[in-house]
Amino acid sequence: MASDEAVKLPIYMDNHATTRTDPRVLEAMLPYFGEIYGNAASRNHEFGWIAEQAVDAGREQVAKLIGATAKEIVITSGATECNNLAIKGVAEMYREKGNHIITEVTEHKCVLDTCKRLEKHGFRVTYLPVKTDGLIDLNQLSDAMTDDTILVSIMAANNEIGILQPIREIGKLCHEKGVLFHSDAAQAAGKVPFNVIEDNVDLASISAHKIYGPKGVGALYVRRRNPRVQLVAQMDGGGHERGMRSGTLNVPGIVGLGKACEIAQQDMAEESKRLLAMRESLREQITSQLDEVYINGSMEHRLPGSLNISFAYVEGESLLMGISDIAVSSGSACTSATLEPSYVLKALGAGDELAHSSIRFGLGRFNTQAEVNYVATKIVDVVKRLRELSPLYEMHKEGIDLSKVKWAAEPVNH
Amino acid sequence: MAYSEKVLDHYTHPRNVGTMDKNADEVGTGLVGAPECGDVMKLQIKVNPETKIIEDAKFKTFGCGSAIASSSLATEWVKGKTVDEALQIRNTDIVKELSLPPVKIHCSVLAEDAIRAAISDWKKKNN
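Protein chains in written order, with my numbering: chain Z, 1 to 414; chain F, 1 to 127.
Honestly, I wouldn't trust all of these hints.
Unchecked claim - Quick list of the computed label-pair ranges, beta carbon to beta carbon:
| # | chain 1 | residue 1 | chain 2 | residue 2 | range |
| --- | --- | --- | --- | --- | --- |
| 1 | Z | 403 | F | 96 | 34 to 42 angstroms |
| 2 | F | 102 | Z | 407 | 19 to 27 angstroms |
| 3 | F | 93 | Z | 388 | 36 to 44 angstroms |
| 4 | Z | 281 | F | 93 | 45 to 53 angstroms |
| 5 | F | 9 | Z | 64 | 50 to 58 angstroms |
| 6 | Z | 407 | F | 48 | 28 to 36 angstroms |
| 7 | F | 93 | Z | 236 | 50 to 58 angstroms |
| 8 | Z | 397 | F | 80 | 25 to 33 angstroms |
| 9 | Z | 295 | F | 48 | 45 to 53 angstroms |
| 10 | F | 48 | Z | 300 | 55 to 63 angstroms |
| 11 | F | 123 | Z | 384 | 31 to 39 angstroms |
| 12 | F | 92 | Z | 41 | 53 to 61 angstroms |
If you are wondering where the hints come from, they were derived from the structure by calculation, not from laboratory data. These numbers were taken from a predicted model, which means no experiment stands behind them. Yeah, the Cβ is synthetic: ideal placement off N, Cα and C, and Gly gets one too.
Work the whole structure out from these sequences, hints included.
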């Protein structure tokens with residue numbers, strides 16, 4: 001495995017955060033920033049018709065990727081809006097039926113905060129815990145359901161640890177009990193097989209920029225049959241998108257979203273194989289050269305390009321500083337706006353210190369094996385160097401059980 | 001986040017990394033912070049029993065770049081000072097020297113604590 005092949009720095013390996021727009025997507029979009037500028041809602045002239053055709057084609061491409069029909073695709077600004085619209089829209093529409101919603105603790109903030117807001121408006125929300133592998137327990141889900149439950153919202157793939165939830169089984173359970181199932185599929189759709197019929201999903205959130213499309217556009221799948229799902233719109237206006245989401249359609253964005261979905265569908269089998277091989281190479285190179293590294297989340301149920309590792313006794317931000325020519329993320333408190341370590345990693349029960357020591361690698365379409373080799377070599381070097389600096393690693397090597405040490409976390413006053 | 005030149009310099013070339021014999025009479029050891037908070041600093045001083053001058057200092061830090069830089073700088077500053085002089089070092093001096101942003105002030109606080117804890121340990125042994 002030659003790691004001396006030329007790599008261009010800096011290396012982007014943060015593909016859960018966003019992805020580079022595929023040149024094919026960009027090419028498809030460009031005319032819609034230029035000579036094709038009509039409003040897709042203009043019904044009485046050719047400019048509008050051409051724009052509408054482009055929108056319809058994009059919608060069709062999105063629908064095809066997830067096994068839906070074009071009429072079930074509601075265009076939005078991205079997954080955050082999708083998740084807000086799906087959860088708030090269902091809550092408002094079905095309030096008469098019940099006021100209970102079930103989600104999980106490792107959801108994206110836009111789901112959790114939406115649920116918290118609904119709690120203020122009288123809804124009851126159950127936040128399911130996750131097991132140490134990051135997956136929810138189906139029995140706990142089943143037990144949490146009551147006659148008042150109107151919606152279950154569980155993501156398909158987690159943005160931090162890349163694990164895949166058993167959505168098919170979750171959906172089945174929901175359908176048996178007559179509860180709607182929403183899944184945030186921003187990280188999953190286009191990367192792993194995701195089919196709304198086979199997976200028993202009633203609402204699904206998709207984002208273009210996670211699958212090599214443009215930022216600022218996404219799609220919410222809203223099932224039309226068995227059952228027909230209805231939403232209360234969360235934005236008032238011209239009644240676009242079958243009344244569910246007003247606002248002039250982002251035509252170039254939709255063209256890009258559609259193209260991104262089409263490419264993802266075409267290339268999925270081959271691409272996931274390639275990403276999986278690179279990820280395993282990265283994992284192998286790191287774990288064979290370093291002790292005390294822990295993979296966060298299930299290895300079995302995982303996105304192909306995703307790897308989240310804790311390097312015990314090394315703090316995440318200092319690690320990122322040492323690999324400044326590589327773009328990755330950390331669950332360390334120091335890298336977050338809230339100064340709290342990752343709530344997702346904490347939810348796995350591994351302890352805060354492993355959350356502080358975590359790095360998320362997100363391999364994507366444009367990464368190469370040479371980059372993987374470079375990253376692995378660099379990570380190993382920097383972790384070794386920082387462990388030389390680490391009092392915790394020294395104590396660990398001396399055989400001290402760090403969990404039994406009484407830490408003077410409070411300021412010392414003399 | 002952009003790091004100041006001085007933080008980068010201490011991070012890349014940390015001064016006085018190492019460990020001294022914590023059982024030696026002339027050595028004082030301070031261990032502050034906690035792993036679950038993401039910062040642990042160990043700072044050791046070696047004090048001349050006659051002059052009370054800190055002749056050597058070593059550190060090891062688990063923490064962000066600013067925490068590493070703060071403790072590295074602390075070892076540089078205490079060296080050559082008497083114990084009483086070292087107690088005059090304030091976290092605000094560290095903030096100023098390293099141009100730490102507000103979110104990193106706790107790193108400097110921890111470094112000041114580490115100095116105090118090391119001196120306190122030494123005093124305990126030698127009184």
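Practice task
Check each numbered hint against the structure and report the violated ones by number, ascending.
Solution key: 3
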